[in-house]
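> Residues per chain are reported as follows:
Number of protein chains: 2
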Amino acid sequence: MNALTSGILSRLHASRGYLSGESLCREFGITRSAVWKHIGRLRDAGCRIEAVTGSGYRLEALSGTPTAEEVSLFLETRDAGSVFHYHKQAESTNLLARNLAAEGAPEGTVIVAETQSAGRGRLGRLWVSPAGANLYFSLILRPKVPSFRIPQITLLAAASIRRALLDACPAVVAGIKWPNDILSGGRKLCGVLCEMQSDTDRAHFVVAGIGINVNQEVFSGELQGKATSLRLETGSSVCRSVLLAGVLKRFEELYLQWLQADDLGFIRPELERHSVLLGQRVVVERFSQQLEGIATGIAPAGELLLLAADGNELKIGSGEASLSNTYH
Amino acid sequence: MNALTSGILSRLHASRGYLSGESLCREFGITRSAVWKHIGRLRDAGCRIEAVTGSGYRLEALSGTPTAEEVSLFLETRDAGSVFHYHKQAESTNLLARNLAAEGAPEGTVIVAETQSAGRGRLGRLWVSPAGANLYFSLILRPKVPSFRIPQITLLAAASIRRALLDACPAVVAGIKWPNDILSGGRKLCGVLCEMQSDTDRAHFVVAGIGINVNQEVFSGELQGKATSLRLETGSSVCRSVLLAGVLKRFEELYLQWLQADDLGFIRPELERHSVLLGQRVVVERFSQQLEGIATGIAPAGELLLLAADGNELKIGSGEASLSNTYH
Chain A
1 MNALTSGILS RLHASRGYLS GESLCREFGI TRSAVWKHIG RLRDAGCRIE AVTGSGYRLE
61 ALSGTPTAEE VSLFLETRDA GSVFHYHKQA ESTNLLARNL AAEGAPEGTV IVAETQSAGR
121 GRLGRLWVSP AGANLYFSLI LRPKVPSFRI PQITLLAAAS IRRALLDACP AVVAGIKWPN
181 DILSGGRKLC GVLCEMQSDT DRAHFVVAGI GINVNQEVFS GELQGKATSL RLETGSSVCR
241 SVLLAGVLKR FEELYLQWLQ ADDLGFIRPE LERHSVLLGQ RVVVERFSQQ LEGIATGIAP
301 AGELLLLAAD GNELKIGSGE ASLSNTYH
Chain B
1 MNALTSGILS RLHASRGYLS GESLCREFGI TRSAVWKHIG RLRDAGCRIE AVTGSGYRLE
61 ALSGTPTAEE VSLFLETRDA GSVFHYHKQA ESTNLLARNL AAEGAPEGTV IVAETQSAGR
121 GRLGRLWVSP AGANLYFSLI LRPKVPSFRI PQITLLAAAS IRRALLDACP AVVAGIKWPN
181 DILSGGRKLC GVLCEMQSDT DRAHFVVAGI GINVNQEVFS GELQGKATSL RLETGSSVCR
241 SVLLAGVLKR FEELYLQWLQ ADDLGFIRPE LERHSVLLGQ RVVVERFSQQ LEGIATGIAP
301 AGELLLLAAD GNELKIGSGE ASLSNTYH
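Line by line, the protein sequences give chains A and B. FYI, the numbering used here numbers position 325 of the first sequence as 325, with every residue one higher than the one before it. FYI, the numbering used here numbers position 95 of the second sequence as 95, with every residue one higher than the one before it.
Because the hints were derived from the structure by calculation, they are not lab data. A few of these clues could be false.
[Stated by the list, open to error] Here are the simulated SDA-like pairs of lysine to any residue, each with C-alpha atoms no more than 20 Å apart in a straight line:
hint: 1; chain 1: A; residue 1: Lys144; chain 2: B; residue 2: Val145
hint: 2; chain 1: A; residue 1: Lys144; chain 2: B; residue 2: Phe287
hint: 3; chain 1: A; residue 1: Lys188; chain 2: A; residue 2: Lys144
hint: 4; chain 1: B; residue 1: Lys144; chain 2: A; residue 2: Leu291
hint: 5; chain 1: B; residue 1: Lys144; chain 2: A; residue 2: Phe287
hint: 6; chain 1: A; residue 1: Lys226; chain 2: A; residue 2: Arg125
hint: 7; chain 1: B; residue 1: Lys144; chain 2: A; residue 2: Lys88
hint: 8; chain 1: A; residue 1: Lys144; chain 2: B; residue 2: Gly317
hint: 9; chain 1: A; residue 1: Lys88; chain 2: A; residue 2: Gly64
hint: 10; chain 1: A; residue 1: Lys315; chain 2: B; residue 2: Gly121
hint: 11; chain 1: B; residue 1: Lys315; chain 2: A; residue 2: Cys239
hint: 12; chain 1: A; residue 1: Lys144; chain 2: B; residue 2: Asp167
hint: 13; chain 1: A; residue 1: Lys315; chain 2: B; residue 2: Phe287
hint: 14; chain 1: A; residue 1: Lys315; chain 2: B; residue 2: Gly317
[Claimed, not checked] Partner residues aside, some chain A positions facing chain B, computed with beta carbon under 10 Å:
hint: 15; residue: Trp127
hint: 16; residue: Val145
hint: 17; residue: Pro146
hint: 18; residue: Leu256
hint: 19; residue: Phe287
Even for Gly, the Cβ is constructed at its ideal location relative to N, Cα and C.
Here chain A stands alone, though its shape is the one from the complex:
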């Protein structure tokens, strides 16, 4: 989409009612047939635009596609999303983001893909990424904090996405599964994969990769019964461009606080209140080790606290948590 098409979209979105072709001609200094051409492009991109003789054009619905132009209509951040790359198709947005970051892309750069051929979750697992329904994006960060604090960004992202999901769908019940997933009714709604390049002292850059199941209606194969979407949980579609702008806003709010803080203590109550693990019997796998206990809290530095059967309190920095099926 070029700047003129984007400008016309912005005007249509701001006006809410009808906007005459003549006023668009005047404002952008173009002919009526040029206006018509740009309207055609917006329709091709998926926007529903009504044209009524004598009244003009009215934006009935956005495309929902999280392009730079559409997302920018809703962006309320300082840095996050100020550089924005939209791809119809990508291997993985985290891979693109790592490459851009290595070349010097600034903090706040966002890479979105409509679909990913090799989207990844934690531990190298595939993140199934069909087109047209969901959000897959990565955010480049350059936090000036000691590298041992970087893993906290995963929980920070989870908390901010949960806030943004509730902004968009106040009815959705969403809980955080430590350290990187958001669940609804026990099914996965969203996942976060943070990656970094660092030396012993500091992170060179961090890439926060986020996948949110937004409007997908069917999950088949091994995802059946394990994944869900906002649409399935609430019965209505959510505009992806609005949601993406909302996540960026909520993330930036928390991120700026976190940079000034020592740890995650400032959102610890929220992380604990909305944890799906707390009070449950949990097994955490890390490498070949299995740790088991009752989840009792989230430590200020982001570790999961487990009360083991022998009465010891375990403080777990990373791992794959699941609710235990064994009862003793």
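Place chain B on chain A using the hints.
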């Protein structure tokens, strides 16, 4: 150097005495003039080879240049150096190594450069890298350990380089300046810069970059009085290809033990005995913070232990340490 040239070098090195041109012709199935051509190439590469009519060829001295062919003569490792890239000139071997690792280069891959145009030390500082005298190389690792253990590799490398320096120059007095330098007489002999790409759970890869001042005789500018070399400390030149093979051997020994261990506890006595900080008043800078105290030890996980003036023991994971000039 091609495989035949390399094979002839290997035979000359193994024979120690004279090797007739005829025996080389037979062994490699080539003509006398072809043998002569390969000898010429070895001489061009810097090897000193004597040719005596009636006796044959004798290797008087290696080039010392740490090429794949020369280093392989001395390599006694399983993985380290089994894939080996030698560059006459590189921006930085860590940068090359990161790119190769991202493309899937196996554990043990070594990248050597004769000179670096943008060699880097910690905190983004330049590592001055003139040609023909020193060692600049990077080793790719893929340790299957939790990512919080990765910073320990810096000290592990420092300990193994110290061992290899003593193998090559038993008279040198070398101490470890936590966490990543080796000093002799208070001057820098060697630096380590470990970098990694990771997610919250595990490192995708680690690049251990190592610079050793071997035969450099003059340090000017701001390095004057701050840097030294094996040559300056011992009065004699050291063969760089032998030293590099030695570092790889010593490193692999310790690395394989470390993979099986929980931490650096198994070399803690060595790390403490040869620390240049222990018992000294030390200031550690990390980000904008300054921590000061008497260095009392190295913790099993690699942290520096400082006894602060208020009697508290500080455990410092990373930072830039220096001996304090203030006496109170």
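> Hint by hint, say whether it matches the structure.
Status of each hint after checking the structure:
no.: 1; hint: A:Lys144 - B:Val145; result: violated, 25 Å
no.: 2; hint: A:Lys144 - B:Phe287; result: holds, 8 Å
no.: 3; hint: A:Lys188 - A:Lys144; result: violated, 32 Å
no.: 4; hint: B:Lys144 - A:Leu291; result: holds, 18 Å
no.: 5; hint: B:Lys144 - A:Phe287; result: holds, 8 Å
no.: 6; hint: A:Lys226 - A:Arg125; result: holds, 15 Å
no.: 7; hint: B:Lys144 - A:Lys88; result: violated, 35 Å
no.: 8; hint: A:Lys144 - B:Gly317; result: holds, 16 Å
no.: 9; hint: A:Lys88 - A:Gly64; result: holds, 14 Å
no.: 10; hint: A:Lys315 - B:Gly121; result: violated, 34 Å
no.: 11; hint: B:Lys315 - A:Cys239; result: violated, 49 Å
no.: 12; hint: A:Lys144 - B:Asp167; result: violated, 40 Å
no.: 13; hint: A:Lys315 - B:Phe287; result: violated, 27 Å
no.: 14; hint: A:Lys315 - B:Gly317; result: holds, 18 Å
no.: 15; hint: Trp127; result: violated, 13 Å
no.: 16; hint: Val145; result: holds, 8 Å
no.: 17; hint: Pro146; result: holds, 6 Å
no.: 18; hint: Leu256; result: violated, 17 Å
no.: 19; hint: Phe287; result: holds, 7 Å
Going down the numbered hints, you'll see the structure goes against 1, 3, 7, 10, 11, 12, 13, 15, 18, while the others check out.
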